[in-house]
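Asks: Just so you know, the sequences run in chain order A and B. Residue 160 in my numbering sits at position 82 of the first sequence; the count goes up by one each step and never skips. Residue 201 in my numbering sits at position 123 of the second sequence; the count goes up by one each step and never skips.
None of these hints come from the bench; they were simulated from the model. Hints are supplied without guarantee of correctness; some may be wrong.
Examples of chain B residues lying across from chain A (beta carbon under 10 Å, computed) [what the hints assert, rightly or not]:
1) TYR222
2) THR241
3) VAL342
4) GLY351
5) GLY361
For each residue, glycine too, the CB sits at the ideal point set by N, CA and C.
Listed below, chain by chain, are the residues.
Protein chains: 2
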Amino acid sequence: MGRPVYLDCDTGIDDSLAIAYLMAHPDVDLVGVGTVFGNIDAHRAARNTLDLLALGGHGHVPVAIGAEKPLAGAWLGGPAHIHGGNGVGNVELPRGDREPLSDESAADLLVRLAHEHEGDLRVLAVGPLTNLARALDVETALPYLVESVVVMGGAARVPGNVTPVAEANIFNDPEAADRVLSAEWPLTLVPLDVTMEHMIEEADRESLLAADVPIPRALGQMLDVYYEFYVGTFGRRCAPLHDPLAAAITAGGATPLVAPTVQVVVDSTDGPGRGQTICDLRGERVGYPDQPTAHCRLVLSLDAPFGPHLVERLTSS
Amino acid sequence: MGRPVYLDCDTGIDDSLAIAYLMAHPDVDLVGVGTVFGNIDAHRAARNTLDLLALGGHGHVPVAIGAEKPLAGAWLGGPAHIHGGNGVGNVELPRGDREPLSDESAADLLVRLAHEHEGDLRVLAVGPLTNLARALDVETALPYLVESVVVMGGAARVPGNVTPVAEANIFNDPEAADRVLSAEWPLTLVPLDVTMEHMIEEADRESLLAADVPIPRALGQMLDVYYEFYVGTFGRRCAPLHDPLAAAITAGGATPLVAPTVQVVVDSTDGPGRGQTICDLRGERVGYPDQPTAHCRLVLSLDAPFGPHLVERLTSS
Chain A
79 MGRPVYLDCD TGIDDSLAIA YLMAHPDVDL VGVGTVFGNI DAHRAARNTL DLLALGGHGH
139 VPVAIGAEKP LAGAWLGGPA HIHGGNGVGN VELPRGDREP LSDESAADLL VRLAHEHEGD
199 LRVLAVGPLT NLARALDVET ALPYLVESVV VMGGAARVPG NVTPVAEANI FNDPEAADRV
259 LSAEWPLTLV PLDVTMEHMI EEADRESLLA ADVPIPRALG QMLDVYYEFY VGTFGRRCAP
319 LHDPLAAAIT AGGATPLVAP TVQVVVDSTD GPGRGQTICD LRGERVGYPD QPTAHCRLVL
379 SLDAPFGPHL VERLTSS
Chain B
79 MGRPVYLDCD TGIDDSLAIA YLMAHPDVDL VGVGTVFGNI DAHRAARNTL DLLALGGHGH
139 VPVAIGAEKP LAGAWLGGPA HIHGGNGVGN VELPRGDREP LSDESAADLL VRLAHEHEGD
199 LRVLAVGPLT NLARALDVET ALPYLVESVV VMGGAARVPG NVTPVAEANI FNDPEAADRV
259 LSAEWPLTLV PLDVTMEHMI EEADRESLLA ADVPIPRALG QMLDVYYEFY VGTFGRRCAP
319 LHDPLAAAIT AGGATPLVAP TVQVVVDSTD GPGRGQTICD LRGERVGYPD QPTAHCRLVL
379 SLDAPFGPHL VERLTSS
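Chain A on its own, in the form it takes in the complex (with noise of 0.2 Å):
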C-alpha cells in the first residue's frame, strides 16, 4: 500500500501526465483529487480527471470540484492554445462512467482527508492554490494534520511564464498563493527553476503513441498541442515537465540537490511584480545560511535528469 496523496489539479496536458505519473507510481496511494480553475475551468478539470483516472484503471478515486475564480478578481479565462480548448490538447478521451462529488467541495474533501489520514497525508497542488487556501479556511489546524505540501508553482531566478517574473499558477491567485506558501507547514516548492530544465521530447512522444496501453498513448497525443506551444520557447518541439516533476517529488520519484529552506513571499500588489514568489536566496555563495523563520524548500535542481524515469515509467506500467 503506497503512501496516501491527495491531488489538486487544474488538468491540463502537463496535470494529465501528473496524474498519469501518480496512478503508475507504487508508492502512491491517489485518496483524492480536487480541481480547481486555471489551464481549464474546474468542472471541465474534474471531467478531465475522472476520465483520465477511468482509463487507468483508477475510477474509484473521489474527484471534487474546487474553485471557478480567484480570491480577488476575475479568472479570464484558461490558455486554449496551450492546454487545448478541452484542456487536455483536444484529446476526446473515453468517458468514465463516475461523476464528481456532488457534495463535497475540494477544500472539504482535502480537509476530510487530511483527517482521515492524520500525520500521512501528502498534499501536492499542480494548480491556483485557491483550494488550499479555502482549506486553510475551513480547517486552521490543517498545517499541523498533513505530512507535507508539495506546490508547483513560482520562479525564483528564472523569467515568469505570465509576465517576466510571474508564474502561472501563482499569477492566477497570488492572494491564494500568500496564504499557503505563509502557513506553517513543511511546504516543497517546485518552480520555473527547476521545471524547465527537464523536458520530455519528440522521441519521448513517440515511445508514449507506441504503448500498447491507453494512458500513454492518449498523452502522446494530447502532447502534440503543447508541443507546438513550446517551440516559441524552446525552439523545438519539446516541453518542460512542471507538474509530472512535483508528482514525482511528492512520491519520492525525484530527487532535489539543490533545495534551500529559504523565505519566499508572493507580491500580492498590483503593481508589475504581481504574482512573483520573492525568495531570499541572498546566501547562495555562502551555502544558505539559516533562515530561522523559513519553512518554504525550493528546488533549484535535481540529481538525475527526470525525462527519461517520467517515460519509463508511464510506458513500463
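Once you have looked at the hints, place chain B on chain A.
Replies: Only chain B this time, still in chain A's reference frame:
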C-alpha cells in the same frame, strides 16, 4: 583627447575605484561629476570626489552637489559597515584645494554639459538616479542631447543586495529609477548579474598598496573595510566591482558579451518587490527576440575577466 564623460556618483569605495579608473583611462575626458546621497551623503560624496580628483591630478574637474534624498520619502543614511563612516573606508584622503560648485546643482551641471557636448556626452550613473531624474525634468530634450547613458544598478536573475530582489542604487530611489529607465535614451544597465561575477581579490589589494603613486595606495587602504563586509557574501576577503565595471563599459575598456535589449520596469509599489528592476528575459532560450519598444541594454556577462584589467590600469598609470 578622450570622450566627454559626466559621472554621477555617491562616493563610496567602489565609486572611488570608478573615479580612479576614469582618471587613468586615456579615452576618457571627465568633464564633470555630480554627487548624490547613497553610500554616503551628497556633500561628503563631493568632498571625497574632490579629494580623489586632486590626488589623481584631475583637480580641474568640476564637482556639483546633487540630491540629498530620493524623489519620494526619506533617506535613512549610508551603510557605514560597507563604505566606512566617511564613505571611503575611513581613509583620510589629503584635502584637495577645490570646493564643489556653489551655483550649480548636479542636475544643472549635467544639463549644461549635455548642451556643451551635444551628441557626444556619455553619462555614467553609479548611485541612486535622483539627479538624472531631476535633469530630465529640467531639460526634457536631455535623452536626445547625450550620446549614451550607463547605469550601475538593478538585478535581473540574481538576488538583490538590499532586499531579496532589489539592488541598492535602484532601491534608494525607485521613482527616479523608473523615470530614468523609461526615458527614451540609449541606456545600458549594468546589474548585479554581471558585477557580482567580476571581483577584486586580496592579492590585487596588495598590488594596489605596493604602487608608487598615491591613488592606488589609497584605494588599497579603502578596500580593507569593503573586503570585510563582503566576507559575509563571498566567504572570503574580496569585493565585486560594481561601479568600476560600469565605468569601464562607458570608457570602452570592458566589452559586454550577453547584453540583450529588453523591457525593464522598476517596481515602485510599496510591496515586497519595491526597487526591483523587472527585466523581460522570457526570450532567453531563443536568442532574445526583438522587443520593439525596448531601449535598455542589460549587461549579463562580459567577454573577459574585468578584475585583472582594472588592477593593471590602476597600477600602471
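Asks: Give a verdict on every hint.
Replies: Here is how each hint holds up against the structure:
1. Taking 10 Å as the C-beta contact cut-off toward chain A, the hint placing TYR222(B) at the interface is violated, the least distance being around 27 Å.
2. For THR241(B), the suggested interface contact is upheld, since its CB lies about 8 Å from the closest CB of chain A, less than 10 Å.
3. Interface hint at VAL342(B): satisfied, since its Cβ lies 9 Å from the closest Cβ of chain A, which is below the 10 Å cut-off.
4. Among the interface hints, the one on GLY351(B) holds; its C-beta lies about 3 Å from the nearest C-beta in chain A, closer than the 10 Å criterion.
5. Among the interface hints, the one on GLY361(B) holds; its C-beta lies about 8 Å from the nearest C-beta in chain A, closer than the 10 Å criterion.
Figure legend: structure checked against the earlier numbered hints; the only hint not met is number 1.
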